[in-house]
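All chains should be modelled from the sequences, with the hints used to inform the complete structure.
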Amino acid sequence: MPDYNGSETEKKWQARWKEQKLYETNLAQPARPKYYNVTMFPYPSGDALHVGHWYNYSPVDTWGRVMRMRGFEVFQPMGFDSFGLPAENYAIKTGVHPAETTRANIDKMKEQIAAIGGMFDLSLNVETSSPEYYKWTQWVFLQLYKKGLAYRKEAPVNWCPTDQTVLANEQVEDGKCERCKTEVVQKNLRQWFFAITKYADQLLDYEGLDWPEKTVLMQQHWIGRKEGINIDYKVKGKDMGVVVFTTRPETNFGATFVVISPEHAQVAALTTAEHKQAVDDYLKETKKKSELERQMTDRKKTGVFTGSYAINDLTGYEMPIYVADYVLMGFGTGIVVGVPGHDLRDFEFAEAMGNIEIIRVIKGPNGEMDAITKAEQVQEDEGEIINSEILNGLKPREAISKMMDYMESRGFGKRVVNFRLRDWLVSRQRYWGAPIPIINCEKCGEVPVPEKDLPVVHPHIEDYVPKGTSPLATSEAFVNTACPTCGGAAKREVDTMDTFVCSSWYFLRYPDAGNTEAAWDKKRVDTWMPVDMYIGGPEHACMHLLYARFIHRVMHDLGHVSAKEPFKKLVHQGMVTKDGAKMSKSRGNVVSPDSFVAKYGSDVFRMYLMFMGPFTEGGDWSDRGITGVARFVERFYRMMTQDEKQAAGAAPLRGVGEGMDGLVHQTVARASEAIDKMNFNVAIAALMELTNEALQKPLNGAQKEMIVRLIAPLAPHLAEEVWEKLGHKESVFNESWPKADPKFLVQTSVTYGVQVNGKLRGTVELAADASKEDALAAARAVENVAKYLEAGIVKEIFVPGKIIGFVVKA
RNA sequence: GCACUCGUGGCGGAAUGGUAGACGCGCACGGUUCAGAACCGUGUCCGCUUACGCGGGUGGAGGUUCAAGUCCUCUCGAGUGCACCA
Numbered sequence: 002m003p004d005y006n007g008s009e010t011e012k013k014w015q016a017r018w019k020e021q022k023l024y025e026t027n028l029a030q031p032a033r034p035k036y037y038n039v040t041m042f043p044y045p046s047g048d049a050l051h052v053g054h055w056y057n058y059s060p061v062d063t064w065g066r067v068m069r070m071r072g073f074e075v076f077q078p079m080g081f082d083s084f085g086l087p088a089e090n091y092a093i094k095t096g097v098h099p100a101e102t103t104r105a106n107i108d109k110m111k112e113q114i115a116a117i118g119g120m121f122d123l124s125l126n127v128e129t130s131s132p133e134y135y136k137w138t139q140w141v142f143l144q145l146y147k148k149g150l151a152y153r154k155e156a157p158v159n160w161c162p163t164d165q166t167v168l169a170n171e172q173v174e175d176g177k178c179e180r181c182k183t184e185v186v187q188k189n190l191r192q193w194f195f196a197i198t199k200y201a202d203q204l205l206d207y208e209g210l211d212w213p214e215k216t217v218l219m220q221q222h223w224i225g226r227k228e229g230i231n232i233d234y235k236v237k238g239k240d241m242g243v244v245v246f247t248t249r250p251e252t253n254f255g256a257t258f259v260v261i262s263p264e265h266a267q268v269a270a271l272t273t274a275e276h277k278q279a280v281d282d283y284l285k286e287t288k289k290k291s292e293l294e295r296q297m298t299d300r301k302k303t304g305v306f307t308g309s310y311a312i313n314d315l316t317g318y319e320m321p322i323y324v325a326d327y328v329l330m331g332f333g334t335g336i337v338v339g340v341p342g343h344d345l346r347d348f349e350f351a352e353a354m355g356n357i358e359i360i361r362v363i364k365g366p367n368g369e370m371d372a373i374t375k376a377e378q379v380q381e382d383e384g385e386i387i388n389s390e391i392l393n394g395l396k397p398r399e400a401i402s403k404m405m406d407y408m409e410s411r412g413f414g415k416r417v418v419n420f421r422l423r424d425w426l427v428s429r430q431r432y433w434g435a436p437i438p439i440i441n442c443e444k445c446g447e448v449p450v451p452e453k454d455l456p457v458v459h460p461h462i463e464d465y466v467p468k469g470t471s472p473l474a475t476s477e478a479f480v481n482t483a484c485p486t487c488g489g490a491a492k493r494e495v496d497t498m499d500t501f502v503c504s505s506w507y508f509l510r511y512p513d514a515g516n517t518e519a520a521w522d523k524k525r526v527d528t529w530m531p532v533d534m535y536i537g538g539p540e541h542a543c544m545h546l547l548y549a550r551f552i553h554r555v556m557h558d559l560g561h562v563s564a565k566e567p568f569k570k571l572v573h574q575g576m577v578t579k580d581g582a583k584m585s586k587s588r589g590n591v592v593s594p595d596s597f598v599a600k601y602g603s604d605v606f607r608m609y610l611m612f613m614g615p616f617t618e619g620g621d622w623s624d625r626g627i628t629g630v631a632r633f634v635e636r637f638y639r640m641m642t643q644d645e646k647q648a649a650g651a652a653p654l655r656g657v658g659e660g661m662d663g664l665v666h667q668t669v670a671r672a673s674e675a676i677d678k679m680n681f682n683v684a685i686a687a688l689m690e691l692t693n694e695a696l697q698k699p700l701n702g703a704q705k706e707m708i709v710r711l712i713a714p715l716a717p718h719l720a721e722e723v724w725e726k727l728g729h730k731e732s733v734f735n736e737s738w739p740k741a742d743p744k745f746l747v748q749t750s751v752t753y754g755v756q757v758n759g760k761l762r763g764t765v766e767l768a769a770d771a772s773k774e775d776a777l778a779a780a781r782a783v784e785n786v787a788k789y790l791e792a793g794i795v796k797e798i799f800v801p802g803k804i805i806g807f808v809v810k811a
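If you count by this note's numbering, then the first sequence holds residues 2 to 811, one letter each, in order.
By construction, these hints were calculated from the structure, which means they are not laboratory data. Given the structure is predicted, the values throughout are model-derived calculations rather than measurements. Built from N, CA and C at the ideal position, the CB exists for glycine as well. Honestly, I wouldn't trust all of these hints.
Stated by the list, open to error - Straight-line C-alpha distance at most 25 Å; calculated PhoX-like pairs for lysine-lysine:
id : residue 1 : residue 2
1  : Lys453    : Lys468
2  : Lys600    : Lys726
3  : Lys22     : Lys109
4  : Lys182    : Lys94
As the list claims (entries may be wrong) - Pairwise CB distance ranges (calculated):
id : residue 1 : residue 2 : range
5  : Asp48     : Lys177    : 25 to 31 Å
6  : Glu155    : Asp48     : 34 to 40 Å
7  : Pro213    : Ser8      : 35 to 41 Å
8  : Glu731    : Ser596    : 32 to 38 Å
Given below as structure tokens:
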């Protein structure tokens, strides 16, 4: 009996699939119901595919194959996120131009993906750094621009004074440049933004989406919708006011101070001559600190008095106004009202300042009013309002809206909704990205590049190491151009786009990747969108997945796509570890797939990755563990190719196939169910059990065919080989997904556990349709059970198919 | 600090509230072999017992239930996310 030769067999089938164009999708007009199966595309770094990619792609392919066998026309494309920092950094490190390294890496990765033997369509050439693609990324930018969703404003960046370059947050370590260790400073640049905040409310609508609850929760928090009220306070002795935002106005009778953010424009006007020096010093101190440092100072509150007072209309209280860096300019109004009796940060600030009065307006559940010595006692959600005139006796939650009504009716304030989400900064002062399609003309100002002139070709520049401005600025041929409006001399925008822009629409390009007339044909995209299954890492929960939803909704509003949401079902894969630790180059524990694929074949490798643990939870790689799956493949092949005479034991216990129908159908049912839940490990375990059994009691032809179809999505090459050996000419992937026949799932007998006072005391085998009386009688008769029943039965339990139980006197 | 997820043999992990440890790795013994590898078979939670069995057992402490790995409360530990969001 010949052994199964994985590598040989896999080559043979991969060639045959290609030749027969087995996985080609009819994109214009799917013959069967469509199924759009997408995995987050990789960026081609210099390190090629690692185990993590395989861990991700194998189940994606398995899932796609299952859906194909379930009668869907499956579209399973793959592209490359080839602009961006990793490629640029790799190029800087190696001294080879990013265009070259990117090309080489994509080719290498394509080879590797082909070696998986998946249904992935690599022929689409969706590569974000190619002009055929970024032409349309620029088009997307212009759509947003036209809608007023792309705009410019000043914004701070991390700046390294030594390298004269802008740093991404991830290039800053402890406030220092990761390369030269120079202190990083903040610098303001005029930059491009997408107004994602205009879609904040819409993005909170997750209707119809089958997403992990956790991801939705994270996005909701990221968007951070807060309903509150902007309260207007007059400033004592000045012809001005300050506006504060609060969500808890019901505590306003306890407000004793106001804090303004150091960046706020009103600081100067509020500062009196007497306090100018102190405030100026404080502002100078703050400016020195980078954003990171300000965050690191953690809880120690600092601040200075401006000399001005805001008047609380409710009480007439004159609230001193302070400048303090714990108040953020970017949220609310940049000014906060301090209620030290009932807000932890306000309490800490009051303590730090020393001379701020603390008034309590909520009686805690314990009623302890005087003991405000500890911070924990400050924040109260429960309790009863006191010292607050109109609100006295109310619960804080009820008091909120009453207070808002009251303030609005008196003109003290106005209800507002604020979001934590900020607009998306999309410009980068980097080389390896899509140029922003804008021209700056002295006469006409900011002019969008006409769509007919796209793409704005990314210039080839030899010195692409980042300088003060974008490297694109060094190419005169690129920068100098004619104004599309007046025809006069003008300069191109030199910033490039954040790669998240490129990756926020690629799934719209796949179905119509060759289109040179438009980013996509609406009809074509409507045929395939939304993505039915989107699989990728959980680290993209807030950025990529939110940006993609935003862009997609904008495209929807502009009438370019019909679906509202891009991703119907979302699944995150877990992480592969080695000896419990995250794989990383610095630890030196990175497992490369290639050698294992060469040794065991792709089927074994991918099945082991799926067998390691539940897909969504990840697993720990073990060089030894893979041998278990390798053995299983051998055994499976043997089981499938043996006839009754070759059964491993002596003569088969029963005739070929006889009696195995139950197990076969049960295995189909169990494995299908497990695969639906993405618990591939359990599905494989079920197949192993069946194989162990079937080596002793051979299967008949029909049973074998059922099992081959079942294993096909998990081990496609192996399945094809066996399918052919069983006498078939057509691919097994043109067959349907096996369905368990309920007739064979009906058990004729059940082994019941018998519990006495919750402890297992014996088992009894009964007919599946045994009556309660018969079951209890049989259970009582079990010798070991009987002796415990002597104490006297209090209660009898019979759960059909599950358990028999007795409760006896203690 | 806050939020979420997860704690089950030597290891990876199974288990719609119903016989905990499926399946695999490893290990032990036996077979096959000149020998080894590979392969095949048997065993493998812990303690006591020749055995039938008995007792304990899913990070820890309580609770609900005839019955808890699973549900609830507290607690300890690990991982992930967010970082003063008023």
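Tested hints:
{"no.": "1", "hint": "Lys453 to Lys468", "result": "violated, 31 Å"}
{"no.": "2", "hint": "Lys600 to Lys726", "result": "holds, 24 Å"}
{"no.": "3", "hint": "Lys22 to Lys109", "result": "holds, 22 Å"}
{"no.": "4", "hint": "Lys182 to Lys94", "result": "holds, 17 Å"}
{"no.": "5", "hint": "Asp48 to Lys177: 25 to 31 Å", "result": "holds, 26 Å"}
{"no.": "6", "hint": "Glu155 to Asp48: 34 to 40 Å", "result": "holds, 38 Å"}
{"no.": "7", "hint": "Pro213 to Ser8: 35 to 41 Å", "result": "holds, 37 Å"}
{"no.": "8", "hint": "Glu731 to Ser596: 32 to 38 Å", "result": "holds, 34 Å"}
Of the numbered hints listed earlier, the single one contradicted by the structure is hint 1.
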